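*Asks:* If you're matching them up, the sequences are chains A and B in order.
For what it's worth, the working numbering labels the leading residue of the first sequence as 50, then goes sequentially.
For what it's worth, the working numbering labels the leading residue of the second sequence as -19, then goes sequentially.
Among these hints, one or two may not hold up.
When the alpha-carbon atoms are kept at most 27 Å apart in a straight line, the in silico DSS-like pairs for lysine-lysine are as follows [claimed, not checked]: (1) B/K53 to B/K140; (2) B/K67 to B/K220; (3) B/K21 to B/K140; (4) B/K81 to B/K131; (5) B/K53 to A/K195; (6) A/K213 to A/K107; (7) A/K55 to A/K107; (8) A/K240 to B/K220; (9) B/K67 to B/K48; (10) B/K48 to B/K22; (11) A/K107 to B/K81; (12) B/K220 to A/K213.
Treat the hints as calculated values from the structure; they're not laboratory data.
Note that the coordinates shown come from a computational prediction; the quantities given were computed from them, not determined experimentally.
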Amino acid sequence: MPKIMKFRGLSRELIALRVASELEDGTYANLGIGIPTLVSDWIEGRDITLQSEIGMLKTGPLATGDDINQDLINASCQAVTELPGSCYFDIAESFGMIRGGHIDVAVMGALQVNARGDYAGWSNPARGLFVGNIGGSMDLCAGARKLFIAMEHTTRDGEYKVVKELSYPATAMGKVNMLFTDLAVIEITPKGMVLKEVAPGLTAADVQSVTEPKLIVSKDLKEMSL
Amino acid sequence: MDKVLPGIDEAVADIPDGAVIAVPGFFAAGVPRYLLRAIIKKGIRDLTLTCGCGPLLGAAEELKALVKNDQIKKVIDSYGLFRSATKGMQDPFEQAVRDGKIEFEVFPMGTMAERYRAGGAGIPAFFTPTGVGSVVEESIVTNIEANRVPKETRIIDGQKYVLEYALKPDYAFVHAIIGDREGNLRYAKTARNFNHVMATAARITIAEVENLVEPGQLDGDNIHTPGVYVRRMVKVPRPKFAITID
């Protein structure tokens, strides 16, 4: 794959902030490992309920000091806290809730995304293993009403992550609705990828230069507001 | 019926080589650490450990011992490897998987949950949308190429589903914060995770409990696992876990 130019974009924390601002009040959301987990830092006090697939609804902020309880962790294995109205349930109930279409939005990390809304995230072939960590990712893709991807726009080595065709094993096909990166906000539509927002200081051409599929530039293209 | 045994060694005394054992826990939370230590001590071999979400990453010391003693034949899980590829390369379990000495079979987590639920509820198999469009739809995902058995799919109301089978382990080890002598159990917060479904699925469920009470001392409206699913019980101290995965 050709090396492509890199741009200075948003930090991981600010990608998470942009995702958080897309979540409407009243949303039930599930956050995957990585940048998605950071979304929880930006929703305190808002009417957004986090589901952790380990078996918890209304997961609170990360626990510190004396609040740390080894029996109270989120799905990323971080000690968390309860909020008024938090509840617990077993794993079959948790995934019934997920597959059954009761979670509004899942936010996941990804290794590759294409313009049809396919994405790869569970296995990096460079590791040389046919097996990998699937976790709850495929269930969330199958059941969440909307799937958001939050990731860096390119690899550390400057290779495309927004690709024409996945070269890594797929997590799910045709499920991604929105893509949030350090450089852009892209909506995935039946016509292809629509560039809706660019990071401060960047142009649509800049984002296109690090994106393999052809982007449709929205008539309302704007700079991300954070 | 009083199901409490005097010690943990008695609880695992009849487990033979080649047993299939369900191990609950979501990383560190809710792992039956004392029962794992008991089978390490007993030296049972050719074990198949059926998991749900990385309990052996949570109980890292126990996994290390099981691998070192060559006790594991196969692990089934949704998430069993280090996230970090660099750390994975130094991990004896991952090395044994790479060498084909241990078989590692992978399913989506919700499919694992439902396989136990079905196993405990008399349902032999089920169609699920999870995994459609990935290698999970095509065959069993395992490091042993010869065991990549193709899976059936079916279109129902225009949607594709994959057939997955119930899982009925020989034994389940569960960890509860409190239980009564007749096997009624309650779990703590997110340590519940796979404990209940595994207790229902196994032929013989052994519960380690941090607190043991008399029948009648638990509120009957708030039992997570009814005693009918539990065959043996042992009292254990509260385990200590590091809350971290790499």
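*Asks:* Please go over all the hints and tell whether each is borne out by the structure.
*Replies:* Right, here's what the structure says about each hint:
With a CA separation close to 33 Å, the supplied pair B/K53 and B/K140 exceeds the 27 Å bound. This hinted pair checks out: B/K67 and B/K220 have alpha carbons roughly 23 Å apart, not beyond 27 Å. Between B/K21 and B/K140 the CA atoms are separated by roughly 46 Å; this puts the pair beyond 27 Å, and the hint is violated. A distance of roughly 24 Å separates the Cα atoms of B/K81 and B/K131; the hinted pair therefore holds under the 27 Å criterion.
Taking the CA atoms of B/K53 and A/K195, the gap is near 40 Å; set against the 27 Å cutoff, the hint is violated. At most 27 Å may separate the alpha-carbon atoms for a hinted pair to count; A/K213 and A/K107 exceed this at roughly 37 Å. For the proposed pair A/K55 and A/K107, the alpha carbon gap of about 38 Å is over 27 Å, so the pair is violated. A C-alpha spacing of about 53 Å is found between A/K240 and B/K220, which places the hinted pair above 27 Å, so the restraint is violated.
Taken as a hint, the B/K67 and B/K48 pair is honoured in the structure, with Cα atoms around 17 Å apart against an allowance of 27 Å. Distance check on the hinted pair: B/K48 and B/K22 sit about 14 Å apart at the alpha-carbon level, within 27 Å; holds. Between the alpha carbons of A/K107 and B/K81 the distance comes to roughly 42 Å, so the proposed pair goes past 27 Å and is violated. As the CA atoms of B/K220 and A/K213 are separated by approximately 48 Å, the hinted pair breaks the 27 Å bound.
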